[in-house]
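Visitor: Build the full structure now, drawing on both the sequences and the hints.
Chains L and H supply the protein sequences, listed in that same order. Here the first sequence stands for residues 6 to 427, numbered as in our numbering. Here the second sequence stands for residues 562 to 664, numbered as in our numbering.
These are computed hints drawn from the structure, not numbers from a lab. Keep in mind that this is a model prediction, so the values were computed, not measured. Nothing false has been slipped in among the hints.
Derived lysine to aspartate or glutamate pairs resembling EDC-like cross-links, with alpha carbons at most 16 Å apart:
id : chain 1 : residue 1 : chain 2 : residue 2
1  : H       : Lys-650   : H       : Glu-597
2  : H       : Lys-650   : H       : Glu-577
3  : H       : Lys-630   : L       : Asp-271
4  : L       : Lys-8     : L       : Glu-35
5  : H       : Lys-630   : L       : Asp-270
6  : H       : Lys-630   : L       : Asp-273
7  : H       : Lys-581   : L       : Asp-357
8  : H       : Lys-650   : L       : Asp-242
9  : L       : Lys-377   : L       : Glu-415
10 : L       : Lys-414   : L       : Asp-357
11 : H       : Lys-650   : L       : Asp-225
12 : H       : Lys-637   : L       : Asp-242
13 : L       : Lys-281   : H       : Asp-620
14 : L       : Lys-287   : H       : Asp-620
15 : H       : Lys-637   : L       : Glu-243
16 : H       : Lys-630   : L       : Asp-272
17 : H       : Lys-630   : L       : Glu-229
18 : L       : Lys-217   : L       : Glu-191
19 : H       : Lys-637   : L       : Asp-225
20 : L       : Lys-7     : L       : Glu-326
21 : H       : Lys-630   : L       : Glu-118
22 : H       : Lys-637   : L       : Glu-229
23 : L       : Lys-129   : L       : Asp-149
24 : H       : Lys-630   : L       : Glu-264
25 : L       : Lys-184   : L       : Glu-148
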Amino acid sequence: MKKLLIIGAGTAGTMMLNKLHRTLPAKEWEITIVDKDLLHYYQPGFLFIPFGIYKPEQVVKSKEEFFPKEATAIWDEVSQVIPEKNEVRLASGKVLAYDVLIIASGTTPRPAETPGLNGNLWYKDIFDFYSYEGSTLLAKKLEDWQGGRLVINLAETLIKCPVAPLEFAFLADAYFTNKGMRDKVEILYVTPLSGAFTKPVATEVLSGLLDKKKIQVIPDFYLERVDEERKEIVSYDEQRVPFDLLVSVPVNMGADFVEESNMGDDDDLNFIPTNKHTLQAKEFDNIFVIGDATNVPTSKAGSVAHFMAETLQENVLNYIEEKPLEASFDGHANCFIETGFGKATLIDFNYDTEPLPGKYPLPVFGPMNLLKESRLNHAGKLMFRWIYWHRLLTGKELPVSSNMSNAGKEKQHRPHEDPVVV
Amino acid sequence: MTETMNTNSIIEMSSEGYLKDPMQWTPEVAHTIAKEEGIELTDLHFKVLLYLREQFLNDVRLSIRRIGKSGIVTIKEFYSLFPGGPLKKSSRIAGIPKPASCV
Ligand SMILES: Cc1cc2nc3c(=O)[nH]c(=O)nc-3n(C[C@H](O)[C@H](O)[C@H](O)COP(=O)(O)OP(=O)(O)OC[C@H]3O[C@@H](n4cnc5c(N)ncnc54)[C@H](O)[C@@H]3O)c2cc1C
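Guide: Here's what the structure looks like:
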């Protein structure tokens, strides 16, 4: 029997397990998945928990619920991959051998990377919403908060779901408005990038939203530390922004075993150099990488993991059959952006094309509005949770194509200029 | 937008002032853009610019963090070379695209 091993049973790993279980000949291949945590979190739901829109229990299920019955699961933490020996070491000391390895270990927030961030103020006046714990504790905090300066800060440019902090700002505006206390809250969005929006067309179409919602943007702020005594965030060039409540998106890093195995790229964020089209690890032929764990230049998002899974399924089969890795991922990402008050906008892009306005043609949902606020888009975002639990994780077909389509998009006068680098 | 520069050649710039074709870059182009940014380029500036270009041409995603890890300058030094928004300014002077997010 040959062995295919998957590290990580999150969005991408669970999809791959289901897809390969259906396509690999069971007599020849034994598929094993390893994860350190029994629970599957629907991470897009973390955005809604602080505002009481989702209850914490709506975003958690058992991982095993989404595995094929015959699958072999090992509950342990991977501590090292040794590609030269085709071996994976586990925290318990156990060693797993593989013929083909799929790494789907994702990324997590690391507040300890920034001095002062997870010190005395952590989970008192400083919160993250990228973890289950952070988002549920923040919900409690917001319930009784009397108002003041709410600062939303991105510690690093390379974070998963790059639009989530902006959505947080929009939802906070709606939340405090609905509570009748918007006049008591100042909302600041502090980003290391040159603005809340950075792409020419999106900036043109969407930046008015920030003014309308009275969200102040402080650009070009690259966080060095938090001054706990003065309750200020401090940048590398000594800009200081005071806060009463800091909602931080801490540095995001890939799994520690990546560093332990010396497999990460030069950012030192534990993301694995991956061929952006074939999804094969750049340095190892029998290792493939999917989802947030890669270093490919598109967004780290569940929708991206889904589109990647189609390519990866084909290429794993190609690899096993010793054929060229012909399936090619185009960087396709498709993200709803919640804008508050029951509305959302939608963006669709890939490696080569920036988000453009127009319609997003879907056989089931019909035309959604790209780069425009609408109630239908919001319904789509909420519908995504159902699709995620019932279709996506089990690797079923979705009514969207994995490569990006330009049908329904408005032609722009301006040609595409800058590739997505974050 | 097309801009004529002091270098006897025409360099095409994007609406945001970045070179459309990174291959049109020369050290003279760098000096001209740097002047617009109010920066006098030194050898150390050029070491950073060449590093950025090399990384970009190898399809690497650039960040302030990576430059801090490059061994050429620390993050603080990077800020003192290109004050304000060091990555966007240095990218513009290095003739590579604007650092951007997905929207
Ligand atoms: C607040 C928030 C909002 C978001 N909103 C959206 C959205 O609207 N739309 C969208 O498409 N995406 C969204 N995302 C992003 C999306 O959730 C992720 O991109 C997606 O889950 C990535 O899937 P993955 O499989 O790569 O990683 P994950 O789903 O994170 O899975 C990684 C798995 O690996 C396991 N693992 C890690 N290290 C080890 C180890 N050493 N040993 C064993 N197991 C290990 C983990 O336990 C985990 O189960 C959002 C994310 C957040 C945080």
